[in-house]
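6 protein chains.
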Amino acid sequence: MIEYAEAGPEVRAVFDDIMATRQTDWINNFWKALAHDPPTLQRTWGSVKQIMAPGALDPLTKEMVYLAVSASNQCPYCIASHTAAARKAGMSDAMFAELMAVVGMANETNRLASGYQVEIDGRFRPI
Amino acid sequence: MIEYAEAGPEVRAVFDDIMATRQTDWINNFWKALAHDPPTLQRTWGSVKQIMAPGALDPLTKEMVYLAVSASNQCPYCIASHTAAARKAGMSDAMFAELMAVVGMANETNRLASGYQVEIDGRFRPI
Amino acid sequence: MIEYAEAGPEVRAVFDDIMATRQTDWINNFWKALAHDPPTLQRTWGSVKQIMAPGALDPLTKEMVYLAVSASNQCPYCIASHTAAARKAGMSDAMFAELMAVVGMANETNRLASGYQVEIDGRFRPI
Amino acid sequence: MIEYAEAGPEVRAVFDDIMATRQTDWINNFWKALAHDPPTLQRTWGSVKQIMAPGALDPLTKEMVYLAVSASNQCPYCIASHTAAARKAGMSDAMFAELMAVVGMANETNRLASGYQVEIDGRFRPI
Amino acid sequence: MIEYAEAGPEVRAVFDDIMATRQTDWINNFWKALAHDPPTLQRTWGSVKQIMAPGALDPLTKEMVYLAVSASNQCPYCIASHTAAARKAGMSDAMFAELMAVVGMANETNRLASGYQVEIDGRFRPI
Amino acid sequence: MIEYAEAGPEVRAVFDDIMATRQTDWINNFWKALAHDPPTLQRTWGSVKQIMAPGALDPLTKEMVYLAVSASNQCPYCIASHTAAARKAGMSDAMFAELMAVVGMANETNRLASGYQVEIDGRFRPI
Chain A
1 MIEYAEAGPE VRAVFDDIMA TRQTDWINNF WKALAHDPPT LQRTWGSVKQ IMAPGALDPL
61 TKEMVYLAVS ASNQCPYCIA SHTAAARKAG MSDAMFAELM AVVGMANETN RLASGYQVEI
121 DGRFRPI
Chain B
1001 MIEYAEAGPE VRAVFDDIMA TRQTDWINNF WKALAHDPPT LQRTWGSVKQ IMAPGALDPL
1061 TKEMVYLAVS ASNQCPYCIA SHTAAARKAG MSDAMFAELM AVVGMANETN RLASGYQVEI
1121 DGRFRPI
Chain C
2001 MIEYAEAGPE VRAVFDDIMA TRQTDWINNF WKALAHDPPT LQRTWGSVKQ IMAPGALDPL
2061 TKEMVYLAVS ASNQCPYCIA SHTAAARKAG MSDAMFAELM AVVGMANETN RLASGYQVEI
2121 DGRFRPI
Chain D
3001 MIEYAEAGPE VRAVFDDIMA TRQTDWINNF WKALAHDPPT LQRTWGSVKQ IMAPGALDPL
3061 TKEMVYLAVS ASNQCPYCIA SHTAAARKAG MSDAMFAELM AVVGMANETN RLASGYQVEI
3121 DGRFRPI
Chain E
4001 MIEYAEAGPE VRAVFDDIMA TRQTDWINNF WKALAHDPPT LQRTWGSVKQ IMAPGALDPL
4061 TKEMVYLAVS ASNQCPYCIA SHTAAARKAG MSDAMFAELM AVVGMANETN RLASGYQVEI
4121 DGRFRPI
Chain F
5001 MIEYAEAGPE VRAVFDDIMA TRQTDWINNF WKALAHDPPT LQRTWGSVKQ IMAPGALDPL
5061 TKEMVYLAVS ASNQCPYCIA SHTAAARKAG MSDAMFAELM AVVGMANETN RLASGYQVEI
5121 DGRFRPI
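Residue numbers (the working numbering), protein chains in the order written: chain A, 1 to 127; chain B, 1001 to 1127; chain C, 2001 to 2127; chain D, 3001 to 3127; chain E, 4001 to 4127; chain F, 5001 to 5127.
Keep in mind that the hints were calculated from the coordinates and are not lab data. It is possible that part of the hints are untrue.
Straight-line alpha carbon distances no greater than 20 Å define the calculated SDA-like cross-link-like pairs of lysine to any residue that follow [stated by the list, open to error]:
id	chain 1	residue 1	chain 2	residue 2
1	C	K2088	D	F3124
2	F	K5049	F	R5022
3	B	K1049	D	Q3050
4	F	K5088	E	A4056
5	C	K2088	C	R2022
6	B	K1049	D	I3002
7	A	K49	E	P4038
Using the sequences and the accompanying hints, generate a full structural model.
What follows is the structure in structure tokens.
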């Protein structure tokens, strides 16, 4: 882990932007780990910042999708961090419960579809 | 595939409920395949109907989460069918594009977090 | 694909053993593809032959487990080939239907367990 | 975690049914976590109870398939809980060892099949 | 698919850079699909260009790692495109065969490690 | 865990070969766990020894590919053990950083390719 105090100027610049963008005063371990590789730190933060900004989808929806994928992939760190992020963005207990229900069901039917070797309906195919 | 015309009464009852709930006049292949096993057909449809109903999350958000998980799992049938369902529920081109960007990014950072063996921050742990 | 007629002696020896062991007169594409790399062909067939032989688990159970994993991983080739193999080993329509139901449910609860960050019960931990 | 003593009547009813069905006097953490969302608790338990009941496949086979999928998905909680459940249903050391060997091999050949881009044999295609 | 002839200037700029960097005169479908979302096209190409450039690892090693991950994830498009890219970068038949052998074995032992609930050795833990 | 002191002769023979091959004086937990099933121990070690030997790919490249797959699969034990193995084989900090960047990017574009339902280019198809 690279702490702010021991970081060089290019890492500090990213840490500063993370804190400013997220309106927080601390950096979570993910970024401290990536700080061992400044190009990956810069590129990853730049991509996350661009992708998670408000757009056609609001930040809460984006955070819930991020959490849904992380739960589906069973990444413990990502589940913990994006549960916190989604909570901060406004995810209620009821929203979390429904989100997990959809994630679980999608994982179930994904395997039923593949196991039954279901052919894609003509109506679903891209034109 | 079990077509409506050849289905027994318990399968027809599920097919009728699918068409009524979705306000459509056709059944997609997934359900025709599950119709080979009426208990699984009934249970799966019952679960999907309950989970995808409007609640703390709106149907469009739920469909996009379903698509996000299916794209992450790389299930071709599920991607095709839930892209269609999300479109029907109101997903625009811009929403689809942002959704895929989040799915891609989540899959990337999930592996960076695991590969760098990032420890979960104390603040993220459930109390 | 390496066909029998064009295969060298070490590949033919494996092909012969596959046909003898499985009491069949043809080789499926998987082995014809691996034949491009004789060491992998020999090692993979040797492992499959050892693992799938009757033991504490009978061949039908083993084939159903193989299919369950392949369906969970969504490998189209493996689903098709191991559905055929399990059918040949005695899997009925009802067994297939129950197998898929378990695979689907396991994939659902795997994500609920991770998404809810459920801690392993003390009773479940290895001593 | 929702403990029995603090649970409402609908959660207690599910907990009671779990204990009666499994002939045990305790509830594992998975269900206590789902108890935060009673509809998901009820639906998930109802599905598990239906799917895992004896049928064309016996309970031991079903538990081993559940464990096989959980090991393949690398879900630590699910591996721990379903190893215990399969042991309780009669899985011996030798059965466990063969089960893991099949799971490992299936994961290996799934990737060889995809990596070599093996085409599905005509004989394996559903009619 | 957005073809070059119908693309706007920002998409064309990316297409031109792809062709120049790869010293080729055509664009594969992946980029034509992303062209529906210019920000994702630009960001993804920018990241790929940076990551795949020669560095501590040579381009052939990077392409083989990309193929290894794609085969492990069973992404048909990615397997096809990165097999072609690795071939172009110098991957021989023997290298491909050994690469697939490692990918298969890693997928097998990944599941054996999780299924046997192997505890991480003290010597392997990060300090 | 089966320790050397308590192991039978066939397990000891494998342990001895692991230590001789790797030029080390200890056995990591993975092999001690597999020692509960001597046939799987022998087969798995035999396969790993054959696959990881120098060939068309050098040992460092093979270890990095093993790590890449393990990180992509998010197997904590395998990430820890193969990071150590790759370090021992010569992986520098810079190589690790680039390796993880490729793994992350491959996981991202794998999902973009599937989510956008990109059709495989004719040029990429095997002849």
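Hints versus structure:
1. K2088(C) x F3124(D): The given pair, whose Cα atoms are some 12 Å apart, holds under the 20 Å limit.
2. K5049(F) x R5022(F): Measuring from Cα to Cα gives roughly 10 Å; hence the hint holds.
3. K1049(B) x Q3050(D): holds (18 Å)
4. K5088(F) x A4056(E): The hint holds at about 17 Å.
5. K2088(C) x R2022(C): With Cα atoms ~10 Å apart, K2088(C) and R2022(C) stay inside 20 Å; holds.
6. K1049(B) x I3002(D): Cα-Cα ~26 Å, so violated.
7. K49(A) x P4038(E): At roughly 16 Å apart (the allowed maximum being 20 Å), P4038(E) and K49(A) satisfy the hint.
The structure is inconsistent with hint 6 alone, although it conforms to all the rest.
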